[in-house]
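Peer 1: Letter by letter, the chains look like this.
Protein chains: 4
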Amino acid sequence: MKVTVWNENQHEKSLPKVTELYPGGIHEYIAGFLKADDVEVRTATLDDPECGLTDEVLADTDVLVWWGHMAHDKVPDEVVERVFKYVMSGMGFVALHSAHHSKIFRKLMGTTGNLKWRDGARERIWCIKPNHPIAEGVPETFALEEEEMYGEPFDIADPQEVIFIGWFNGGEVFRSGCTWVKGHGRVFYFQPGHETNPSFRNENVQKIIKNGVKWACPVRKNIVLDCPHVAPLENIEE
Amino acid sequence: MKVTVWNENQHEKSLPKVTELYPGGIHEYIAGFLKADDVEVRTATLDDPECGLTDEVLADTDVLVWWGHMAHDKVPDEVVERVFKYVMSGMGFVALHSAHHSKIFRKLMGTTGNLKWRDGARERIWCIKPNHPIAEGVPETFALEEEEMYGEPFDIADPQEVIFIGWFNGGEVFRSGCTWVKGHGRVFYFQPGHETNPSFRNENVQKIIKNGVKWACPVRKNIVLDCPHVAPLENIEE
Amino acid sequence: MKVTVWNENQHEKSLPKVTELYPGGIHEYIAGFLKADDVEVRTATLDDPECGLTDEVLADTDVLVWWGHMAHDKVPDEVVERVFKYVMSGMGFVALHSAHHSKIFRKLMGTTGNLKWRDGARERIWCIKPNHPIAEGVPETFALEEEEMYGEPFDIADPQEVIFIGWFNGGEVFRSGCTWVKGHGRVFYFQPGHETNPSFRNENVQKIIKNGVKWACPVRKNIVLDCPHVAPLENIEE
Amino acid sequence: MKVTVWNENQHEKSLPKVTELYPGGIHEYIAGFLKADDVEVRTATLDDPECGLTDEVLADTDVLVWWGHMAHDKVPDEVVERVFKYVMSGMGFVALHSAHHSKIFRKLMGTTGNLKWRDGARERIWCIKPNHPIAEGVPETFALEEEEMYGEPFDIADPQEVIFIGWFNGGEVFRSGCTWVKGHGRVFYFQPGHETNPSFRNENVQKIIKNGVKWACPVRKNIVLDCPHVAPLENIEE
Chain A
1 MKVTVWNENQ HEKSLPKVTE LYPGGIHEYI AGFLKADDVE VRTATLDDPE CGLTDEVLAD
61 TDVLVWWGHM AHDKVPDEVV ERVFKYVMSG MGFVALHSAH HSKIFRKLMG TTGNLKWRDG
121 ARERIWCIKP NHPIAEGVPE TFALEEEEMY GEPFDIADPQ EVIFIGWFNG GEVFRSGCTW
181 VKGHGRVFYF QPGHETNPSF RNENVQKIIK NGVKWACPVR KNIVLDCPHV APLENIEE
Chain Z
1001 MKVTVWNENQ HEKSLPKVTE LYPGGIHEYI AGFLKADDVE VRTATLDDPE CGLTDEVLAD
1061 TDVLVWWGHM AHDKVPDEVV ERVFKYVMSG MGFVALHSAH HSKIFRKLMG TTGNLKWRDG
1121 ARERIWCIKP NHPIAEGVPE TFALEEEEMY GEPFDIADPQ EVIFIGWFNG GEVFRSGCTW
1181 VKGHGRVFYF QPGHETNPSF RNENVQKIIK NGVKWACPVR KNIVLDCPHV APLENIEE
Chain S
2001 MKVTVWNENQ HEKSLPKVTE LYPGGIHEYI AGFLKADDVE VRTATLDDPE CGLTDEVLAD
2061 TDVLVWWGHM AHDKVPDEVV ERVFKYVMSG MGFVALHSAH HSKIFRKLMG TTGNLKWRDG
2121 ARERIWCIKP NHPIAEGVPE TFALEEEEMY GEPFDIADPQ EVIFIGWFNG GEVFRSGCTW
2181 VKGHGRVFYF QPGHETNPSF RNENVQKIIK NGVKWACPVR KNIVLDCPHV APLENIEE
Chain H
3001 MKVTVWNENQ HEKSLPKVTE LYPGGIHEYI AGFLKADDVE VRTATLDDPE CGLTDEVLAD
3061 TDVLVWWGHM AHDKVPDEVV ERVFKYVMSG MGFVALHSAH HSKIFRKLMG TTGNLKWRDG
3121 ARERIWCIKP NHPIAEGVPE TFALEEEEMY GEPFDIADPQ EVIFIGWFNG GEVFRSGCTW
3181 VKGHGRVFYF QPGHETNPSF RNENVQKIIK NGVKWACPVR KNIVLDCPHV APLENIEE
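Protein chains in written order, with this note's numbering: chain A, 1 to 238; chain Z, 1001 to 1238; chain S, 2001 to 2238; chain H, 3001 to 3238.
None of these hints come from the bench; they were simulated from the model.
Some hints here could point you the wrong way.
Unchecked claim - Stretch-level coverage of chain Z by chain A, calculated; a stretch enters the list once three of its residues show a Cβ under 8 Å from a Cβ in chain A:
| # | stretch |
| --- | --- |
| 1 | 1121-1128 |
| 2 | 1148-1161 |
| 3 | 1169-1175 |
The beta carbon of each residue, even a glycine, is placed where N, CA and C say it ideally should be.
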């Protein structure tokens, strides 16, 4: 399996806390825990030419992981269209945390991606589908002492499955882990991962992202997208 | 629209608090707020012959509302089969609170209906689908100072829509308002309504139940259930 | 209820058969059968300034019906964004036939809208959810002697409900009637309606479109779209 | 992975054609093509004590495959309850063809399982989700020259995913391959497989059943089913 981890890599330049938590940036940290004998991982960022997401890279990517927050609008539309095309063609897509407002996630959802938010909450995550492949090895519930609150209503397409629901100490709830199939691509959204919180260091968060990447891996890739005129297959007497 | 409100009516005999809150029993109280110029409501209880759910009554019912808790097993299997048949044929079904473990709800779900529970919680309900007919006039969020906690994982069939999610002060979450289509019948489950809590007196709870009953009302009723051998409709040359 | 019927109105200028079937154009014909005592209908076309879809018109529209085919690309992106915003805010949207490839439908789906196609087929439509409000009064099956074949795989977001499946005499099948909720808006797609076939004159097709418009009508409209920073609602001791 | 193939094994006694097609019976034939280095397969039939489905067997089964037709009622209710319990606890379940009317499938669906039927049709199967694991290696469409027609409306719970739709030469359509999650168990229904037709000898049908079994294999098994009273997890100041 070949994974590309994309990070806008902007907070890393101004907030020391981010690189303290995640040396090398969020992308390198995530790449680090995703790497395995059968998982090859590359990274790409906003500062790379074409955001590092050329046709060559995407055609060779099984699953694209996306983290972005303050610079969604800096991602050129043609890069968004290209990523969209590859998801339609079968590439898996895992959107993390503030990627809910990225151009590509909103385009895949066909919705605004809006939600409620507040820094500095305590979150408790519940696994409501313990037998889903993305929940493998994950406990029924676990807490994140410090996470950004994301609250409902969350404006997303109806998920195929809601696997995790988040509880926040300010009284909010959130569909924290959801799946969709869009075109030929499998899409997973997972909510924790604010840049100044240690969520990506949490063992359960890491398991869920690893499982999500594995789940999103296509059984076919680079499927031709067309809208063909076709001849009849059956000889029907009219 | 013709509605039948069924209540096992057992707690009413032993817990004075129930009839203080709901004079005449939970069934009479719910019937009271459902009645309207275009809504005819009758009630039925466990103590009635055949639980008050004869073929005559069910054939004349658009939507059946169900409350039960301590006496699920006392409902005879033939009554359960009969109610099931009418739901399959188009009758709407609204299951309230502890009806999650009733024979008929479990039969409709094809699951155990299991959940976590604890008396004496504070609940906050979030409406995550504000434009759903069942959410008409309901605020984005409202609190119930005293309700029984029902917590995930809730073992139900995947809902068609989750309209309400509950937050509890002990750290739990719950899919508190869900819809399904089963056979030809529309089914709505709503979680609040513990017998010793005043939830059915809450204005928003009443609105939701009224909306749910209206939503579950069939466009066709008493649809024939069969598995017919049929002739071809098209003349296909083989 | 206020309905706006949008038609690109281009085939009407070059193919006499279209205006023979649908005098005044497809939009006027559809508007004609939608009009009722409690349904006010206006029309709009590609040739109108801003496609006839100004903020003033959309803010005053409960449900927008869309027919387009040869000129999808002529609809300006800002009009598409505007319509999208109103669907997100609660406006219903009914997409007919070749609208599957319109910019707005593809944007709402988050997919390509691709399918297979061929002119001149015989279609048989099956109602698989006879108790859905959109199926009210519609028979279990009916035939269209002449329709364009649209075949699977149809690249759409997973529907909330598939209400109609089409059978074609060349061996194809199609999810011909599907619903979604996108943002706060309810969306219905219905497949028949090729410009040179008399499908919109068919009594069942008319019933389905009328029912679809009624189903898509919002219970709330012009809902504010935002992503607010919010204060806690509950006083949680940490 | 450990698979148990259950077959009522009754037609095999009276219709020579069945054992000509499937020597040893349908169960042995299916077991034959499911066996692999990492897949251990046992069989069980109606004539075995307790239908061959004891606690010992089920506790040691990852996925149960079910074929039944003329003797659904002969399966004792306690066996049905036991199989149900194991599906709720995580065991996968693959229902083939006429299993649509088996007690256990109807119990899992919470519906009647009704459909239309006719012997001796030509079927064409369309794969509408080519990137689903159950569709791995399966072509977009393939024909079965001889199969029993099963037609919509098919009274099932709303599927999580419809992967295959069938076209029949008499004008019918059918949701031929569907998935659900019920309790902790993953359920797949696949329509071809009439006892006197050679469908189980078809390479694509075999691929789909193999893929379906693999998909239904649980990530956890024998999960405890309970409805526990629980203490609060969070210290909430009221």
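Peer 1: If a hint holds in the structure, say so; if it doesn't, say that too.
Peer 2: Hint-by-hint comparison with the structure:
1. 1121-1128: Result for this restraint: holds, n = 4.
2. 1148-1161: With 6 residues closer than 8 Å to chain A, the stretch 1148-1161 of chain Z meets the three-residue bar; holds.
3. 1169-1175: holds (count 4)
This entry satisfies every hint, going by the numbered hints stated previously.
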